[in-house]
Amino acid sequence: MTALLEVKNLTKSFQGLVAVNDVSFALAPGRITALIGPNGAGKTTCFNLVAGALSPTRGQVLFEGRSIERTPPETVCRMGIARTFQIVRPMKDMSVLENAMVGAFSWTTSVKEARAKAYESLESVGLAGKANARTDQLTLPDRKMLEMAKALSTRPRLLLLDEVMAGLRPTEAAGVVGVLQKLAESGLTILLVEHVMRIVMEVASTVVVLHHGAKIAEGKPSDVVADPRVLESYLGAGFHA
Amino acid sequence: MQKKFDQTSDPKRWGAGVLVFAILAMVGSISNAYIISLLTVVLLFTFMGQSWNLMLGIGGQLSIGHALFVGIGAYSVAILNIKYGITPWIGLILGAAIAGLIGAVLAWLSFRFEVRGIYFALLTIAAAEFARIMFGGWDYVGGMQGLFFQAPTGSMDIAMLRGDTRFYYFVALTLAAIGVAGTEMISRSYLGYVWRAMRDDDDAARALGVQTFRHKILVISISAAMAAIGGGVLGLVQGAIFPDSIMGMSISVDVLIGPVVGGLGTAFGPLVGSMAAIPLHHAMGALGDSFGIPGLNSIAYGAVLILVVWFLPDGIWPAVVRLYGAIQLPARVRISKLREVENDRAA
Amino acid sequence: MLSLWLNVLASGVLIGLVYGLVALGLTIIFGVMRVVNFAHGEMVVFGVYIGYWTVRIWDIPIIAAAAIAAVIMFLFGYLLEALVVKRFVNRPHHYQFIVFIGLSLLFSGVLLVSFGPDPRPTASQLSFQTVAVGPLTLDWARIQAALTAGVLIAALSAYLKYSAFGRSLRAAADNRLGGLVVGLNIPRVYAVTFGIGSACAGVAGALISPLFDAQPYLAVDFTLLAFVTVIVGGLGSFGGALLGGLTIGVAEAVAALMFTPSMKTALPYALLIIILILRPRGFFGAKEV
Numbered sequence: 001m002t003a004l005l006e007v008k009n010l011t012k013s014f015q016g017l018v019a020v021n022d023v024s025f026a027l028a029p030g031r032i033t034a035l036i037g038p039n040g041a042g043k044t045t046c047f048n049l050v051a052g053a054l055s056p057t058r059g060q061v062l063f064e065g066r067s068i069e070r071t072p073p074e075t076v077c078r079m080g081i082a083r084t085f086q087i088v089r090p091m092k093d094m095s096v097l098e099n100a101m102v103g104a105f106s107w108t109t110s111v112k113e114a115r116a117k118a119y120e121s122l123e124s125v126g127l128a129g130k131a132n133a134r135t136d137q138l139t140l141p142d143r144k145m146l147e148m149a150k151a152l153s154t155r156p157r158l159l160l161l162d163e164v165m166a167g168l169r170p171t172e173a174a175g176v177v178g179v180l181q182k183l184a185e186s187g188l189t190i191l192l193v194e195h196v197m198r199i200v201m202e203v204a205s206t207v208v209v210l211h212h213g214a215k216i217a218e219g220k221p222s223d224v225v226a227d228p229r230v231l232e233s234y235l236g237a238g239f240h241a
Numbered sequence: 001m002q003k004k005f006d007q008t009s010d011p012k013r014w015g016a017g018v019l020v021f022a023i024l025a026m027v028g029s030i031s032n033a034y035i036i037s038l039l040t041v042v043l044l045f046t047f048m049g050q051s052w053n054l055m056l057g058i059g060g061q062l063s064i065g066h067a068l069f070v071g072i073g074a075y076s077v078a079i080l081n082i083k084y085g086i087t088p089w090i091g092l093i094l095g096a097a098i099a100g101l102i103g104a105v106l107a108w109l110s111f112r113f114e115v116r117g118i119y120f121a122l123l124t125i126a127a128a129e130f131a132r133i134m135f136g137g138w139d140y141v142g143g144m145q146g147l148f149f150q151a152p153t154g155s156m157d158i159a160m161l162r163g164d165t166r167f168y169y170f171v172a173l174t175l176a177a178i179g180v181a182g183t184e185m186i187s188r189s190y191l192g193y194v195w196r197a198m199r200d201d202d203d204a205a206r207a208l209g210v211q212t213f214r215h216k217i218l219v220i221s222i223s224a225a226m227a228a229i230g231g232g233v234l235g236l237v238q239g240a241i242f243p244d245s246i247m248g249m250s251i252s253v254d255v256l257i258g259p260v261v262g263g264l265g266t267a268f269g270p271l272v273g274s275m276a277a278i279p280l281h282h283a284m285g286a287l288g289d290s291f292g293i294p295g296l297n298s299i300a301y302g303a304v305l306i307l308v309v310w311f312l313p314d315g316i317w318p319a320v321v322r323l324y325g326a327i328q329l330p331a332r333v334r335i336s337k338l339r340e341v342e343n344d345r346a347a
Numbered sequence: 001m002l003s004l005w006l007n008v009l010a011s012g013v014l015i016g017l018v019y020g021l022v023a024l025g026l027t028i029i030f031g032v033m034r035v036v037n038f039a040h041g042e043m044v045v046f047g048v049y050i051g052y053w054t055v056r057i058w059d060i061p062i063i064a065a066a067a068i069a070a071v072i073m074f075l076f077g078y079l080l081e082a083l084v085v086k087r088f089v090n091r092p093h094h095y096q097f098i099v100f101i102g103l104s105l106l107f108s109g110v111l112l113v114s115f116g117p118d119p120r121p122t123a124s125q126l127s128f129q130t131v132a133v134g135p136l137t138l139d140w141a142r143i144q145a146a147l148t149a150g151v152l153i154a155a156l157s158a159y160l161k162y163s164a165f166g167r168s169l170r171a172a173a174d175n176r177l178g179g180l181v182v183g184l185n186i187p188r189v190y191a192v193t194f195g196i197g198s199a200c201a202g203v204a205g206a207l208i209s210p211l212f213d214a215q216p217y218l219a220v221d222f223t224l225l226a227f228v229t230v231i232v233g234g235l236g237s238f239g240g241a242l243l244g245g246l247t248i249g250v251a252e253a254v255a256a257l258m259f260t261p262s263m264k265t266a267l268p269y270a271l272l273i274i275i276l277i278l279r280p281r282g283f284f285g286a287k288e289v
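Top line first, the protein sequences correspond to chains L, S and R.
Per our numbering, residue 1 is the first one in the first sequence, and the count goes up by one each step.
Per our numbering, residue 1 is the first one in the second sequence, and the count goes up by one each step.
Per our numbering, residue 1 is the first one in the third sequence, and the count goes up by one each step.
List time: in silico SDA-like cross-link candidates among lysine to any residue, alpha-carbon distance up to 20 angstroms:
hint: 1; chain 1: R; residue 1: K86; chain 2: S; residue 2: F311
hint: 2; chain 1: L; residue 1: K112; chain 2: S; residue 2: M185
hint: 3; chain 1: L; residue 1: K112; chain 2: S; residue 2: I186
hint: 4; chain 1: L; residue 1: K182; chain 2: L; residue 2: P170
hint: 5; chain 1: S; residue 1: K12; chain 2: S; residue 2: I186
Reference listing, derived: stretches of chain S covered by chain L, where coverage requires no fewer than 3 residues with Cβ under 8 angstroms from a Cβ of chain L:
hint: 6; stretch: 186 to 197
hint: 7; stretch: 205 to 214
Chain L residues, not near chain S, derived (Cβ > 12 angstroms throughout):
hint: 8; residue: T11
hint: 9; residue: G59
hint: 10; residue: S67
hint: 11; residue: E123
hint: 12; residue: K130
hint: 13; residue: L168
hint: 14; residue: S186
hint: 15; residue: S222
hint: 16; residue: D223
hint: 17; residue: D227
hint: 18; residue: E232
No wet-lab data here; the hints were simulated from the structure.
The structure displayed is predicted, hence computed values, not measured ones.
All residues carry an ideal CB built from backbone N, CA and C; glycine is no exception.
The shape of chain L in the complex, shown without the other chains (with noise of 0.2 angstroms):
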């Protein structure tokens, strides 16, 4: 099985200070990969730099084995790569509908065929009977929602999700759980960032954990949960022993 993404030796430095070092990892397709790490540890930088928002320092971001790594963001979308932000960002003077639309149109100018994939993609995430509203009166987890439907418009093959979870109930965030799993399933590529470790072990098919900016594990959730370098990280030295 061939990766669709393919991260090598990705490194990034902002005047010196190393965010990402020489990170490698790939993504295969139709699964969850989730990237974990405590506050710091370069999972947002490592994230825009596979969506094309950074440039890196060194090292290489293949996607079906093309580079991509100084693309531009919206490039990087049409090539079937979506995103979310962290901090949810609708457009405040348009309708939910509206908003899911956008995307859309980085692969028609139609606006029947962007209000129809629109509205499919508001009918994944569960959003369709709020098609209507403002953004302003969407609560936190249906603009995540939102988020996520905005980015599913742009039909991509590869969605990644920065913090998805964040700020979120259990009840809520076990229904982000349920929408992912049901993406996975009809072929969709998700890489996941997320500081929460409990949620990503649901989910997850593969976690990759960050460090100081560097991968210190790799695998399945149950196994990297009980490698000691990871709880130490999130714990603390000497914590475990």
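Starting from the known structure of chain L, fit chains S and R onto it as the hints suggest.
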């Protein structure tokens, strides 16, 4: 906030538009030449205001130097017509093309390093002033003495776009109608969605695949071309053009005053706003003249501008729509709306 | 020939310092409040009239006139901010533009009503005195204006850098929310800022009153000149305002020698466009606008 959520439905809006323009067409039959020519200017500024509105209200790009494009249009028509006897139609097309190109170049210069917002706005005003001074010192186009169209013979000639006051009124009315309908159509096409997304959040729009750099250049280019067409006709209507009058800062102000006073990002805002602001500007001028005190007009106009922005922050049209909505909604709906508001407050 | 060029350059530098002061006023206001004062030229012209009248009535030195202008224009700016501008600080730029265009029309109308449209030739004897420095022959008025402007720019920069209030002002400029959090009295900071910005314009106006005939219509030219200066220097940067002022002053002087008068007025704009192509944020541009 209310502006994107139309209180009125689609056919109703189009119906209202047709009605407004039908009334304006009937107004064209009244005989008072002063009112007709004043309304002609109002309609031309409605059209040019619509172009500015497209750029800021939908595209999110602020220009405070639209006089540049207005002037380019006016000079293209005037030079070709006065010097070479070429029909203004060609001048209008050429002017629109040149203005569109210059708008695109300005946008490219500014946005290539993501310099946006007020910097771009200041660049537009600087470019307009530069052009005004250059045209003032350019003998070929008459310098400060300007260019004069041949006095109209009174007979209508559509091929040469010449005719009496009423003819120009209908030309301006047609343009204004095209402007309103065109803006409405663009804002309902994919361009409208993409531009509004880019206006609200550039980075988020890019992440959804919107090529914002290209779209900014496009919206500015279209806006500039529209303004140039309005300027070309304005020159014809005025019979003469001078750099200070057609490219001066007051033109830039008059172009944007309509949409801001009327309601930004709305289709009818520029019409309502120009209807209010342009005659006011003229009336204040007349007032100052009648007292024989220079400066009185600018005091009054200045004060009115400040007061309008102060007390009608969204403009006149949204205020009217709100009022209309409040009257229209049956009591039951109104109560449920009130409840919603209260719930929002409680939350 | 060489001495002619030197003279032109020197007079360009001298007037450039005054332009720098005008631009500094605009840039301080923008830097702290993110507001572009489109009525800045009117503030300069107020200063020109203050210089004209005080010198004419009391026959005081131009420096004293400048001090009076500073006090009057500071109070004027302070009150204007507290009464009007305050309400529009957080509105989008196009609303602010209309408000300031309204203010500018209002002010120039008041000037027209009060003083009439005719230019008032300067009342100062200073206009005719010259000083010879080596090969240079310079107007005494220009030298005084430039020296005063230069000293003021330096003093203001030092004040902003070292005084407690200056530091809080710069803190507000860097981060409005942060300033709010650490307990700055933002409304007062804004009003004082606007006062200082207006005072800069007023002082510059008084200083050049021996050089320019007082006339209401000068205002638009000064506003546009100040814009060009701050964009060239970088909006929101103090050093940039000075450098921009000098660049424009010298460029104007050189252009007056080489080109027709209309080209002279167009040159700052041409310069602006060239600089935007090469350095889109000006010499010392702020990062985020």
